[in-house]
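Asks: Residues per chain, in single letters:
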Amino acid sequence: MGVKFLTLLTDFGLKDGYTGVMKGVIYRITPDAQIADITHSIRPQDVFEGGLVWSRSCPYFPDNTVHIGVVDPGVGTQRRPIAARLGRHLFVCPDNGLITPLLEQAEQAGDEVKIVHLDQPRFWLPDISSVFHGRDIFSPVGAALANGVSLEEVGSAISDPVRRSPPRTEKLNNGWQGEIVSIDHFGNATANIDRQQLQGLRNIRVRAAGREINGLVHTFGEREPGTLVAFIDSDDRLAIAIVQGSAAQEIGIKVGDRIEVVAEA
Amino acid sequence: MGVKFLTLLTDFGLKDGYTGVMKGVIYRITPDAQIADITHSIRPQDVFEGGLVWSRSCPYFPDNTVHIGVVDPGVGTQRRPIAARLGRHLFVCPDNGLITPLLEQAEQAGDEVKIVHLDQPRFWLPDISSVFHGRDIFSPVGAALANGVSLEEVGSAISDPVRRSPPRTEKLNNGWQGEIVSIDHFGNATANIDRQQLQGLRNIRVRAAGREINGLVHTFGEREPGTLVAFIDSDDRLAIAIVQGSAAQEIGIKVGDRIEVVAEA
Amino acid sequence: MGVKFLTLLTDFGLKDGYTGVMKGVIYRITPDAQIADITHSIRPQDVFEGGLVWSRSCPYFPDNTVHIGVVDPGVGTQRRPIAARLGRHLFVCPDNGLITPLLEQAEQAGDEVKIVHLDQPRFWLPDISSVFHGRDIFSPVGAALANGVSLEEVGSAISDPVRRSPPRTEKLNNGWQGEIVSIDHFGNATANIDRQQLQGLRNIRVRAAGREINGLVHTFGEREPGTLVAFIDSDDRLAIAIVQGSAAQEIGIKVGDRIEVVAEA
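Chain order of the listed sequences is F, Y and W.
Each residue of the first sequence is one higher than the one before, starting from 66 at the first, in my numbering.
Each residue of the second sequence is one higher than the one before, starting from 66 at the first, in my numbering.
Each residue of the third sequence is one higher than the one before, starting from 66 at the first, in my numbering.
I should point out that these hints are in silico values taken from the structure, not numbers from a laboratory.
Wrong hints could be hidden among the right ones.
Identical chains blur together in the list; that is why a pair holds if it fits in one copy or across any two.
Said to hold, decoys possible - With a cut-off of at most 20 Å between alpha-carbon atoms, the simulated EDC-like pairs for lysine to aspartate or glutamate come out as follows:
hint	residue 1	residue 2
1	319	192
2	236	217
3	80	111
4	179	244
5	80	177
6	80	192
7	80	300
8	236	225
9	179	169
10	319	225
11	236	322
12	236	177
In this text the structure is predicted, and so the values were computed from the model without any measurement.
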């Protein structure tokens, strides 16, 4: 079968060893696994941010990679644990909308979509805590899937996964209104407006955090350090940044802020 | 022999490349190693916290995993470097009590216990700094052990490892007094009181940080967001948390704080 | 060929999944890769710090390891992407001086030096963003090199890489004047003065941040906790630290501060 790839995305942070424990559980079941961390620094219990980062990272991995995602405010309640095949990849996570952006991508692309409720405890650890299903359910099931166990074996098909949709953009007379959905490590702010929505708009102005920016740059190098710029980011989203600085710190832009992009009338 | 697993736990942080250097040293000696990070964010020189995280993480890894732990305020002094077999696993670390919780677990379980003083420099890097034995001694010895070199080859048997015991709990008339030993990434506070000590106690009240909590919850979902709750955590310890919040930030609870659990008289 | 080792050093941080994406790109091209993180916490766009950490970490890895370094304030501009063989190792990075310390080490050691401008887009991802060449150019080229593709195939030879030299030390009558070039996770401050420059100096005094320290310690254990000490660090550089404390926090020493070391007249 070649190498068995798994990835981990959680809000567990790095200090407590929780993510190390998940790797131990996986290696015991799938000794030939190759495990990559996507991130463990999703804001605690921020299912929306988790879904966003997950959806832009997973597609770059090899076919049949098993992606385990754990942002799980409802751990221990009746919320279902699920697994899914979406096109080329497999996913394991709580049923709380974490998978929504990936599911919508797959549906729009016409990819294979199959989702199961993880209801087969023989694939879990023997003792199930009520607070750490990342260790007790999601890691052992992910490891089993990487070993070639089928979705049908680990759970029962469902067609009603919880969906948590991203904030919608609104069409304006001469552009779009959206909101900031992510601030990255550099303080760059990404909007829920994508490259396609900007097609056909000329002489664009972008308004956010009380500022107005004329036009888009193609690279940061087109402007002096310290300049506020708008651009299309590496995931084809409208974003704003300060060249060699932090837009989050310097103009105070944050997740949830309104952003408008308008063309010349 | 299959895959050779090693883990790393240190207080080195992630920014300086020190942990990357340790991996380089290991791969040069054991190219077929699979290395997992447990954590590198132990509080600088906090041997007790290191031991706690180590003891709850290592057991989840495959048999014969070599665990390298470096929290080492006495680096370069006469403190001995040691290695040990404790049951199914191997350990390499400074002799400063970091291994105490794992050693006590092994002794209580009746597991094999064998400890050696690392006094065979032929398994070390050629040049030994006085400040980075993680690179110069612990990584190359761990890599040798993963390659199948025996404990007897890398050091001489000892029976007097330094022990640093965790704070003890105290029996009360109708319960236990203990202390907070760990605050995790979510701000949850864990006590040195375990599930077994609570058996037989009815109508429990938990007192800590000037608050009193009635009863234990099984899952966070039983209470509204913002509620202070007590529960048994994923390592079978008494813990307190704020549902979808941070007990550390919101009630100021911290390591060393007294905690009491009492039953109805 | 055995295992194919790659390392990553970036200023991307850990929260956004960018480094996970790079690993996905590499694994798709080189499924049998073993990837080690050196660090992703270089100060944003601090090419000098990146070069320093890179130069002290890479040499510990196995021969023919491919090291990918991305600290890239000029991404998307005319700055060239490059790859190099320096002695036993391969490197891929932007041409902005990140490689200078490693290049100077190789030149001083008389190692093989071969540098190419990455001008062969068939080794890149099909779509090239203007802001994330770590994903689009450096990772796929690094993966190709790990697979055994030659430097000649991925680019055209150049002899004029951008050089960004570290700050120079100045010879004093009876010692050296230099500056602090790095503060590590423990708050220890490292100078650009090395062990060799101190040979022959007796009864050394070190002056920095308004303090004077008499003599060098060999290990931290020689002084009481809280004492300010000077020592030769694990990379053979003059450094100052507070025993079991943080020199950065407690005496406010920082990168760029002047440091003097003088011998008895």
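Asks: So which of those numbered hints doesn't the model satisfy?
Replies: Violated hints (numbers, rising): 1, 2, 4, 5, 6, 8, 10, 12; every other hint is consistent with the structure.
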